[in-house]
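Novice: The residues making up each chain are set out below.
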Amino acid sequence: MKAKMILAASTIAAASLGVISCGGGEQTTAGIEPRIFTDSLFAVMKSDRTNYTKLIVQRLGPNKGDFIKPDEHWEDNEMGAPLPAQMFRYGAEGVAEMTDEFTYSLQSLWPINKQNAPKTPMEQEGLQYIADNPGENFYGSETLGDTTYFTAVYADVAVSPACTGCHNGHKDTPRDDFEIGEVMGGVVIRVPVDG
Amino acid sequence: MKFINALKWKLWIFLVLGLSGYLGAQLFIQEEKADFLIGQTSHGHFQIEMACESCHGNGFGGPEVIQEACLSCHAEELKISQDSHPKTKFTDPRNVDRLEKIDARMCVSCHVEHNPDIMHPMGVSLPTDFCFHCHQDIAEDRVSHEGMGFETCASSGCHNYHDNRALYEDFLLQHAGNAWVDESGKQLAVELSAYLKDTVSLPTEMPPLSFPQTQKNQDTLGLWADSAHAQNNIGCDTCHDDRDNWNDSPNMQVCETCHSTQTTQFQQGKHGMRLAQGLTAMTPAMSMDAHSRLKFKASHADTELSCNSCHNPHSVDRVYAAVDACLSCHQDEHSTHYLDSPHGLKWEQVRAGEADFLEGVSCASCHMPRMEVEVMGQKVISVQHNQNTTLRPNEKMIRPVCLNCHSLEFSIDALADPALIKTNFSGQPANTIPSVQMALDRLQ
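Chain order of the listed sequences is A and B. Numbering-wise (the numbering used here), the first sequence opens with residue 1 and increments by one. Numbering-wise (the numbering used here), the second sequence opens with residue 1 and increments by one.
Heads up, a few of these hints could be off.
Calculated lysine-lysine pairs in the BS3-like style (CA-CA distance at most 25 Å, straight line) [as the list claims (entries may be wrong)]:
| hint | chain 1 | residue 1 | chain 2 | residue 2 |
| --- | --- | --- | --- | --- |
| 1 | A | K171 | A | K69 |
| 2 | B | K186 | B | K10 |
| 3 | B | K87 | A | K114 |
| 4 | B | K422 | B | K186 |
| 5 | A | K46 | A | K114 |
| 6 | B | K79 | B | K89 |
| 7 | A | K119 | B | K297 |
| 8 | B | K297 | A | K46 |
| 9 | B | K101 | A | K119 |
| 10 | A | K69 | B | K379 |
| 11 | B | K379 | B | K79 |
| 12 | A | K64 | A | K46 |
| 13 | B | K186 | A | K114 |
| 14 | B | K197 | B | K297 |
| 15 | A | K64 | A | K54 |
| 16 | A | K119 | B | K89 |
| 17 | B | K79 | A | K69 |
| 18 | B | K89 | B | K101 |
| 19 | B | K79 | A | K114 |
| 20 | A | K64 | A | K114 |
| 21 | B | K87 | B | K101 |
| 22 | B | K79 | B | K2 |
| 23 | B | K89 | A | K114 |
| 24 | A | K46 | A | K69 |
| 25 | A | K54 | A | K119 |
| 26 | A | K69 | A | K119 |
Treat the hints as calculated values from the structure; they're not laboratory data.
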């Protein structure tokens, strides 16, 4: 699966050049549109994230079975389990160790950890857009350092009481009125297209 | 004239060949490469600074070679420490502005070796305001931090760049409010199996004892008879081979046959890191010569550090290994104050048989503590033979060591008090670090 992603990302980079020269002649190679690539990546991320939240944290955590204790510092608890946002970050960090063809992160206009607030103007614009337009994604292009990125922002929606309960009750939350089905943040995916 | 010119040429060629031979031999043959050392290294690397290839590979690689060398020794430690600033935090394009301030993807951005003029005690070569560049607006989230100086983040017992396992807010709250000392506290017990490689099976009966009949060996036999080795049917030939192929001085590789975790850990620490690089064993003299901040006894300057330096395999005296072995070499202020300190006085009770071994506080209790370690994917309680595990920053000592007997508040305060450390904790900390109280205040 990851190998396919890397292959697809490589193809995007090539496609961004428009044409791949081969053997002196000119051969046009049809690549994957960046939007299709990031949409596909998000589909996998969303599915995994929803399943972990519903099937593990909600079903086995304090909201139901109480067999596990989802906690930011889960390593220090005998029954500790990573929070859904941490699982997502661990995945992003694992990918970052394998490839630099794309990166992703979970951010919010109302982050518990301030490090997850929007940093770039495009992140701010994208997170605001998906919050104002439920059901829609945001796409754009931005230059960070000497690299231009195709940047996509997807809504991260509260899917279970585990999401709303934790965020609304956290001492560091800037907002305590999240409801299930509401946009709580966004997944930002970046694909380098030149640089 | 021709004769003089010819003589000059011959002399020139002789000098060039001689110099080339001298430097070439040092570069390619000799272990020590002193003439190629461009500057002293820090307390963490001087042991292997003459083994250039340990960090620089073959000398023709780029920064990635040095980075790989750093990780080959330190990656596991970073993982265990739950590194607060992993590389992946900086490879995300959204943090590219931070890379312009500090390229935290590479270890050498903060830890530049061979330049003692800019090296700080913690092995960091950056100016002490490095936290400020990314966290200057911290007071907006934490009003308690208003007005704190840029130099106080990592120097006051509150934060570390990598390892904050004993300093994060929830941990402070969880351990707040205990008495400064718990007299019933003790070290963790270690099962015999934790000392052995899991593939090792102890013999069910003692093999025939066969050894060269010398007076020395006869004397050794008496010692060995009361040892843990004898009690577990480990006879002479296990370490010395049989009588006809007698190995009079078994080395670390022999110990490693059964005690692989311990020898691996030993080679990760300051005592054994030279052996890990294929160099000769570390001696106190090397440290005395190499600008070490520690003092050592001249009488033991040439003691070679290996398993046998602390553990006599024929007596396996853990009381000796835990204190006497250390004090036979170390003579710095912290060490010389130990026996008169509260920890040392407690140890005297152990030595006198008035207290259980686990109730004592030895040098090893803090610097080679009995703690949970991962061996072959399994977590076991074992003596950590890598003394770096709890050395720097010293807050790494809080969880596996200090909290066994002391409150978190006392532990943080004591470890942040250099004068108290010098006297081996003979007294109370001079200052109170407010981090626990700040966490409690914020909760309210």
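Novice: Now tell me if each hint is right for this structure.
Specialist: Hints versus structure:
{"no.": "1", "hint": "A:K171 to A:K69", "in the structure": "holds (18 Å)"}
{"no.": "2", "hint": "B:K186 to B:K10", "in the structure": "violated (74 Å)"}
{"no.": "3", "hint": "B:K87 to A:K114", "in the structure": "holds (19 Å)"}
{"no.": "4", "hint": "B:K422 to B:K186", "in the structure": "holds (23 Å)"}
{"no.": "5", "hint": "A:K46 to A:K114", "in the structure": "holds (22 Å)"}
{"no.": "6", "hint": "B:K79 to B:K89", "in the structure": "holds (14 Å)"}
{"no.": "7", "hint": "A:K119 to B:K297", "in the structure": "violated (56 Å)"}
{"no.": "8", "hint": "B:K297 to A:K46", "in the structure": "violated (63 Å)"}
{"no.": "9", "hint": "B:K101 to A:K119", "in the structure": "holds (16 Å)"}
{"no.": "10", "hint": "A:K69 to B:K379", "in the structure": "holds (20 Å)"}
{"no.": "11", "hint": "B:K379 to B:K79", "in the structure": "holds (15 Å)"}
{"no.": "12", "hint": "A:K64 to A:K46", "in the structure": "holds (22 Å)"}
{"no.": "13", "hint": "B:K186 to A:K114", "in the structure": "violated (40 Å)"}
{"no.": "14", "hint": "B:K197 to B:K297", "in the structure": "violated (35 Å)"}
{"no.": "15", "hint": "A:K64 to A:K54", "in the structure": "holds (11 Å)"}
{"no.": "16", "hint": "A:K119 to B:K89", "in the structure": "holds (14 Å)"}
{"no.": "17", "hint": "B:K79 to A:K69", "in the structure": "holds (22 Å)"}
{"no.": "18", "hint": "B:K89 to B:K101", "in the structure": "holds (14 Å)"}
{"no.": "19", "hint": "B:K79 to A:K114", "in the structure": "holds (23 Å)"}
{"no.": "20", "hint": "A:K64 to A:K114", "in the structure": "violated (29 Å)"}
{"no.": "21", "hint": "B:K87 to B:K101", "in the structure": "holds (15 Å)"}
{"no.": "22", "hint": "B:K79 to B:K2", "in the structure": "violated (70 Å)"}
{"no.": "23", "hint": "B:K89 to A:K114", "in the structure": "holds (14 Å)"}
{"no.": "24", "hint": "A:K46 to A:K69", "in the structure": "holds (22 Å)"}
{"no.": "25", "hint": "A:K54 to A:K119", "in the structure": "violated (30 Å)"}
{"no.": "26", "hint": "A:K69 to A:K119", "in the structure": "violated (31 Å)"}
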